[in-house]
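Novice: Going line by line, the protein sequences match chains A and B.
Here the first sequence stands for residues 1 to 298, where the numbers follow the working numbering.
Here the second sequence stands for residues 1 to 608, where the numbers follow the working numbering.
Do not take every clue at face value.
Computed beta-carbon distance windows for the label pairs [said to hold, decoys possible]: (1) A:Trp63 with B:Pro291: 31 to 41 Å; (2) B:Thr10 with A:Arg183: 30 to 40 Å; (3) B:Asn85 with A:Ile72: 56 to 66 Å; (4) A:Leu289 with B:Ala18: 34 to 44 Å; (5) B:Gln83 with A:Tyr215: 32 to 42 Å.
Think about it this way: if two alpha-carbon atoms lie no more than 25 Å apart in a straight line, the pair counts; the simulated SDA-like pairs of lysine to any residue are [claimed, not checked]: (6) B:Lys363 with A:Lys60; (7) B:Lys524 with B:Lys363; (8) B:Lys216 with A:Met280; (9) A:Lys270 with B:Lys363.
Simulated from the structure, these hints should not be mistaken for laboratory data.
All values reported here derive from a predicted model rather than from experimental measurement.
Note that CB positions come from ideal geometry on N, CA and C, so glycine has one too.
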Amino acid sequence: MNLNIFIQHFINALSLGSLYGLVAVGYTMVYGILRLINFAHGDIFMLGAYFVYFATIVYKLPWAVGVVTAIILTTICGLLVDRIAYKPLREAPRISALISAIGVSFFIENFAVVVFTGMPRPVVQPPILMKPIELSGGVRLIPLGILVPVVSFVLVGALLWLLYRTKPGLAMRAISFDIEATRMMGVSVNKIIALAFGLGSALAAVAGIMWALRYPRVEPFMGMTPGIKAFIAAVFGGIGSVPGAMIGGLILGFVEIMSVAFFPTLSGYKDAFAFLLLIMILLFRPTGLLGEKLEDKI
Amino acid sequence: MHRVRNLILTIIAVVLFAFFLDKAPDILNGYWQRILNLIAINAILALSLNLIYGITGMFSLGHAGFMAIGAYVSALLVLTPAQKNAMWILEDIYPWLLNVNAPFVVSLVIAGVIAAFFGLLVALPVLRLGGDYLGIATLGFAEIIRILITNTARLTNGSLGLKGIPAHTTLFMSWGCLGVVLLCMVCMLRSNFGGVLRAVRDDEVAARMMGINTFKVKVIAFTLGCFGGGLGGALMGNLITTIDPRMFMITQTYNILMIIVVGGLGSVTGSLIGSVLVTTMLEWLRIVENPITIGSINIPGIPGMRMVIFSLLLIIVIIFRREGIMGMREFSWDIFFPQAKAKPKAEPHESDTVLEVRDVMLKFGGLTAIDTLSFDIKHGQIMGLIGPNGAGKTSAFNVISGFYKPTSGSIKFLGRSIGGLSPDEVCKAGMSRTFQNIRLFGHETVLQNVMTGARIRQGYHWWMSLLPFVFTDVLREDAAVRAQALDLLGQLGLAEFAEEQASSLPYGAQRRLEIARALATRPKFLLLDEPAAGMNPQESEELLQFIRRLRDEFDLTILLIEHDMKVVMNVCDYIHVLDQGVHIAQGTPDEIKANPRVIEAYLGKGAA
Chain A
1 MNLNIFIQHF
11 INALSLGSLY
21 GLVAVGYTMV
31 YGILRLINFA
41 HGDIFMLGAY
51 FVYFATIVYK
61 LPWAVGVVTA
71 IILTTICGLL
81 VDRIAYKPLR
91 EAPRISALIS
101 AIGVSFFIEN
111 FAVVVFTGMP
121 RPVVQPPILM
131 KPIELSGGVR
141 LIPLGILVPV
151 VSFVLVGALL
161 WLLYRTKPGL
171 AMRAISFDIE
181 ATRMMGVSVN
191 KIIALAFGLG
201 SALAAVAGIM
211 WALRYPRVEP
221 FMGMTPGIKA
231 FIAAVFGGIG
241 SVPGAMIGGL
251 ILGFVEIMSV
261 AFFPTLSGYK
271 DAFAFLLLIM
281 ILLFRPTGLL
291 GEKLEDKI
Chain B
1 MHRVRNLILT
11 IIAVVLFAFF
21 LDKAPDILNG
31 YWQRILNLIA
41 INAILALSLN
51 LIYGITGMFS
61 LGHAGFMAIG
71 AYVSALLVLT
81 PAQKNAMWIL
91 EDIYPWLLNV
101 NAPFVVSLVI
111 AGVIAAFFGL
121 LVALPVLRLG
131 GDYLGIATLG
141 FAEIIRILIT
151 NTARLTNGSL
161 GLKGIPAHTT
171 LFMSWGCLGV
181 VLLCMVCMLR
191 SNFGGVLRAV
201 RDDEVAARMM
211 GINTFKVKVI
221 AFTLGCFGGG
231 LGGALMGNLI
241 TTIDPRMFMI
251 TQTYNILMII
261 VVGGLGSVTG
271 SLIGSVLVTT
281 MLEWLRIVEN
291 PITIGSINIP
301 GIPGMRMVIF
311 SLLLIIVIIF
321 RREGIMGMRE
331 FSWDIFFPQA
341 KAKPKAEPHE
351 SDTVLEVRDV
361 MLKFGGLTAI
371 DTLSFDIKHG
381 QIMGLIGPNG
391 AGKTSAFNVI
401 SGFYKPTSGS
411 IKFLGRSIGG
421 LSPDEVCKAG
431 MSRTFQNIRL
441 FGHETVLQNV
451 MTGARIRQGY
461 HWWMSLLPFV
471 FTDVLREDAA
481 VRAQALDLLG
491 QLGLAEFAEE
501 QASSLPYGAQ
511 RRLEIARALA
521 TRPKFLLLDE
531 PAAGMNPQES
541 EELLQFIRRL
551 RDEFDLTILL
561 IEHDMKVVMN
571 VCDYIHVLDQ
581 GVHIAQGTPD
591 EIKANPRVIE
601 AYLGKGAA
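Start from the sequences and build out the full structure, keeping to the hints where you can.
Specialist: Encoded structure:
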């Protein structure tokens, strides 16, 4: 493997990993606060991709406008999911909300089949993102491959700023420690939870849009596998930790791309790596790389 | 008498249904026969997942994987060599596999056993995880199984799948299998082992303190559930006659989950009702996806609509009727025969070092919870452990009862070192405890709570409970334990509540029930964690008498954590005081009352 090909794989892994990370951040925020695996998160990601497809390709809006519209619409969907399917179950056993989440995921996927049909639709990539740049040494880079990780890192950086430097961020971190105590401090808990869902959905929308540009197509079940893998990334990094989710996503991206790059015979098993990683980390370090230990009080 | 009557009614119902199945091929068309078959298969799958999730409380999303294993094993066994030769196009089949063959019924059993074997392999590592992690890990295993099936073409024919499987699954086959599964499961759930499974679900910590090796119990339930998954998968393959890896996606597990949620988690009856409803509905909903012509109007089918409606119903059920149709209730013929509730009768009824704690230290990272604690308790003593909040009292209890391993130091119980033992082993050694925040098996009856405590004294193995009519020890021992439990309830004044749900009891009675449950393990040493918490002066006065009576009647040694000084000073023979993990004082109640360090710890410097 020469340097050029290695760099291609590296960029590829970086892009894929940061996309996983971006989706994983949404999982980790919701789980950190509500202890709920938001199974519908992968499907929110799919909606983001569809909205941008319709905005730019069907309704011919300019890209910038289309992307903003798609993010807004996806965020609204994320908030609706919380409001309709999870909020009535806040006081219920956690497992009820989890089953509701499975139901919502199912619903969004099949609703997409009904509305958008099950046919994959091709996405037209803006030429400016696809024109290769020549670097010294014959290395060619596609702008999209650079754009994806850069956008992801900037967004996660902004999120960390919000979490650690602003009042709502403080409230969000407080809720993850003790929701009742935070409520008694006069924090409007439901608004903060909605904020977490909104932020997570917006990030998922961005990830979905970039995913659609990378693979150039959209289809109703495109969120299923990346969704589960991103959750695994969140567990790997330590559920509840935003930097952990990003690191977990990157590790997963590198493992998937590099193992197939170095051992092409393994390509059929590509989708199994994430689950193997998950089982390994759960056995040897159940709290993930950056997670804190949660213990039941006896 | 009720039991004889109910048995007769059950037999009549089964015979009538068998008669119906016999005539079904003449009355029903192929479509309805297929639905009837699917109902039975889905019921087997739902019962097995319910055993894992609803009854034992392990959130597993891996059922589709075990179904896949069962379906492939059975199909590979019943397909003829000629069929196999024709089907493996891309790669050659393994020669040994080509000629392997077995009759259908044998293939079903092997399918279940191999699925159970994989279940065991999965269970050993992942059941150490709890809650959601278990769900996502089992989902991962199911996906890995699917990916393996797709990629091991020489074994499974890969993504092409298997076709032309003989349609062995007849109505008698599917319903017969369901009957056997149902019988075994109902017997097991009615035995005290079934009570143990539900206890593990309701409160694993308390179950361990009842001497139950909860990990082993969970592995057993999970493996049995996987057997059911494999059996159901095998029947499914032989009904549909074609299988491929895409059939066993997570959607398949969700369908089964839907059945048990609609029916009621933890209810066998619910799983059966759920199977009928969900199976019929899923078939019926196919209408919306097919074009319909009414007169001259053509309504085109809407692809995907079936699952949209299905998932909406799932969400509606979980939001508006979380407990499903049956909740945790079960069907019984008794509902047709109104009767007065029989109240169980109960009649009232009888020095060396028990515990030696030496230099025990407990650290969590940098935090020292207990700093070198040493004390002895002699037989028949009532010893108090007091101290301000955060003094490390409950931590000391947790170390002694095996929930925490001490960082250093030794604990000897009846002359035997118990330093590293787990709670269930500690319990078997003769120690039991209650908890600060009452931990009952809330969904169970008062009687069942106490019976769970007696499980460690029963000799029968879990698998005997599947066939209690063969292994009559199960029935005899359960009856004995039941009688003893009723007796114990009578002694503690709880007899009138025997059939009530534990969580519905008044607070004081819940405290006493927790003690009764602890006593059912026949301990020699009892740890009471704040028994007077939340009691009014009148009640704590009664508690004083009660604790003394406990010691005398049950020949106990007691260690007590308590904040109510009146209780402590009146009932304890000797008292140890902890403050911020440090053992600051010990002595008789009078000595402690006068000790300036104790007063300082409670009231602050200067108070003494």
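Novice: Run every hint past the structure and note whether it holds.
Specialist: Here is how each hint holds up against the structure:
1. A:Trp63 with B:Pro291: 31 to 41 Å: holds (39 Å)
2. B:Thr10 with A:Arg183: 30 to 40 Å: violated (52 Å)
3. B:Asn85 with A:Ile72: 56 to 66 Å: With a Cβ separation near 59 Å, asparagine 85 (chain B) and isoleucine 72 (chain A) satisfy 56 to 66 Å, so the hint holds.
4. A:Leu289 with B:Ala18: 34 to 44 Å: With a Cβ separation near 58 Å, leucine 289 (chain A) and alanine 18 (chain B) fall outside 34 to 44 Å, so the hint is violated.
5. B:Gln83 with A:Tyr215: 32 to 42 Å: holds (39 Å)
6. B:Lys363 with A:Lys60: violated (64 Å)
7. B:Lys524 with B:Lys363: violated (29 Å)
8. B:Lys216 with A:Met280: holds (22 Å)
9. A:Lys270 with B:Lys363: violated (43 Å)
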